[in-house]
Amino acid sequence: MMRKLSVLGSGCKKCNDLEASVKNIAAAKQWDVEIEKITDYPTILGMGVIKTPALALDGKILFSGLLPSEKKLEKLLEKHF
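Residues in the sequence shown are numbered from -5 upward in steps of one, following our numbering.
In short, the hints are calculated from the structure, not lab data.
Worth double-checking, as some hints may not be accurate.
[What the hints assert, rightly or not] SDA-like, lysine to any residue: derived pairs with alpha carbons at most 20 angstroms apart:
no., residue 1, residue 2
1, K23, L67
2, K45, C6
3, K31, L61
4, K31, N18
5, K45, S4
6, K31, C6
7, K66, A21
8, K(-2), Q24
9, K66, I55
10, K54, I32
11, K17, K31
12, K(-2), E72
13, K65, E13
14, K8, D34
15, K54, K66
16, K23, K65
17, K65, C9
18, K73, F57
19, K66, D34
20, K73, D52
21, K8, Q24
22, K(-2), E28
23, K17, I32
24, K7, S58
25, K7, P62
26, K69, F57
27, K7, K31
28, K8, G59
29, K45, E13
30, K31, L67
31, K8, F75
32, K8, I44
33, K45, P62
34, K17, H74
35, K73, S4
36, K65, L51
37, K17, E64
38, K45, F57
39, K31, N10
40, K65, A22
Make a model of the complete structure from these sequences and hints.
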């Protein structure tokens, strides 16, 4: 089953950096995952996120309001794949 990673944010530098890191990690690990970017604030708020950037896996928020290093992000994602 294909999983879905959602990068939530306004399109700011941190949000774009998070999206790039997620794509790099997923490609390097060859994970079968869809990566989407959500910039619509009503949708973001509806998911329970107040601070961006945020990352969700299959609709579940993994973190919000911070940009972890790529190494920390990779370790976090490895726990879920």
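Hints versus structure:
{"no.": "1", "hint": "K23 <-> L67", "result": "holds, 13 angstroms"}
{"no.": "2", "hint": "K45 <-> C6", "result": "holds, 12 angstroms"}
{"no.": "3", "hint": "K31 <-> L61", "result": "holds, 15 angstroms"}
{"no.": "4", "hint": "K31 <-> N18", "result": "holds, 15 angstroms"}
{"no.": "5", "hint": "K45 <-> S4", "result": "holds, 10 angstroms"}
{"no.": "6", "hint": "K31 <-> C6", "result": "holds, 12 angstroms"}
{"no.": "7", "hint": "K66 <-> A21", "result": "holds, 17 angstroms"}
{"no.": "8", "hint": "K(-2) <-> Q24", "result": "holds, 14 angstroms"}
{"no.": "9", "hint": "K66 <-> I55", "result": "holds, 16 angstroms"}
{"no.": "10", "hint": "K54 <-> I32", "result": "holds, 14 angstroms"}
{"no.": "11", "hint": "K17 <-> K31", "result": "holds, 11 angstroms"}
{"no.": "12", "hint": "K(-2) <-> E72", "result": "holds, 14 angstroms"}
{"no.": "13", "hint": "K65 <-> E13", "result": "holds, 14 angstroms"}
{"no.": "14", "hint": "K8 <-> D34", "result": "holds, 16 angstroms"}
{"no.": "15", "hint": "K54 <-> K66", "result": "holds, 18 angstroms"}
{"no.": "16", "hint": "K23 <-> K65", "result": "holds, 13 angstroms"}
{"no.": "17", "hint": "K65 <-> C9", "result": "holds, 17 angstroms"}
{"no.": "18", "hint": "K73 <-> F57", "result": "holds, 14 angstroms"}
{"no.": "19", "hint": "K66 <-> D34", "result": "violated, 27 angstroms"}
{"no.": "20", "hint": "K73 <-> D52", "result": "holds, 14 angstroms"}
{"no.": "21", "hint": "K8 <-> Q24", "result": "violated, 24 angstroms"}
{"no.": "22", "hint": "K(-2) <-> E28", "result": "holds, 5 angstroms"}
{"no.": "23", "hint": "K17 <-> I32", "result": "holds, 15 angstroms"}
{"no.": "24", "hint": "K7 <-> S58", "result": "holds, 15 angstroms"}
{"no.": "25", "hint": "K7 <-> P62", "result": "holds, 13 angstroms"}
{"no.": "26", "hint": "K69 <-> F57", "result": "holds, 13 angstroms"}
{"no.": "27", "hint": "K7 <-> K31", "result": "holds, 13 angstroms"}
{"no.": "28", "hint": "K8 <-> G59", "result": "holds, 10 angstroms"}
{"no.": "29", "hint": "K45 <-> E13", "result": "holds, 16 angstroms"}
{"no.": "30", "hint": "K31 <-> L67", "result": "holds, 17 angstroms"}
{"no.": "31", "hint": "K8 <-> F75", "result": "violated, 24 angstroms"}
{"no.": "32", "hint": "K8 <-> I44", "result": "holds, 15 angstroms"}
{"no.": "33", "hint": "K45 <-> P62", "result": "holds, 14 angstroms"}
{"no.": "34", "hint": "K17 <-> H74", "result": "holds, 15 angstroms"}
{"no.": "35", "hint": "K73 <-> S4", "result": "violated, 27 angstroms"}
{"no.": "36", "hint": "K65 <-> L51", "result": "holds, 18 angstroms"}
{"no.": "37", "hint": "K17 <-> E64", "result": "holds, 11 angstroms"}
{"no.": "38", "hint": "K45 <-> F57", "result": "holds, 10 angstroms"}
{"no.": "39", "hint": "K31 <-> N10", "result": "holds, 9 angstroms"}
{"no.": "40", "hint": "K65 <-> A22", "result": "holds, 13 angstroms"}
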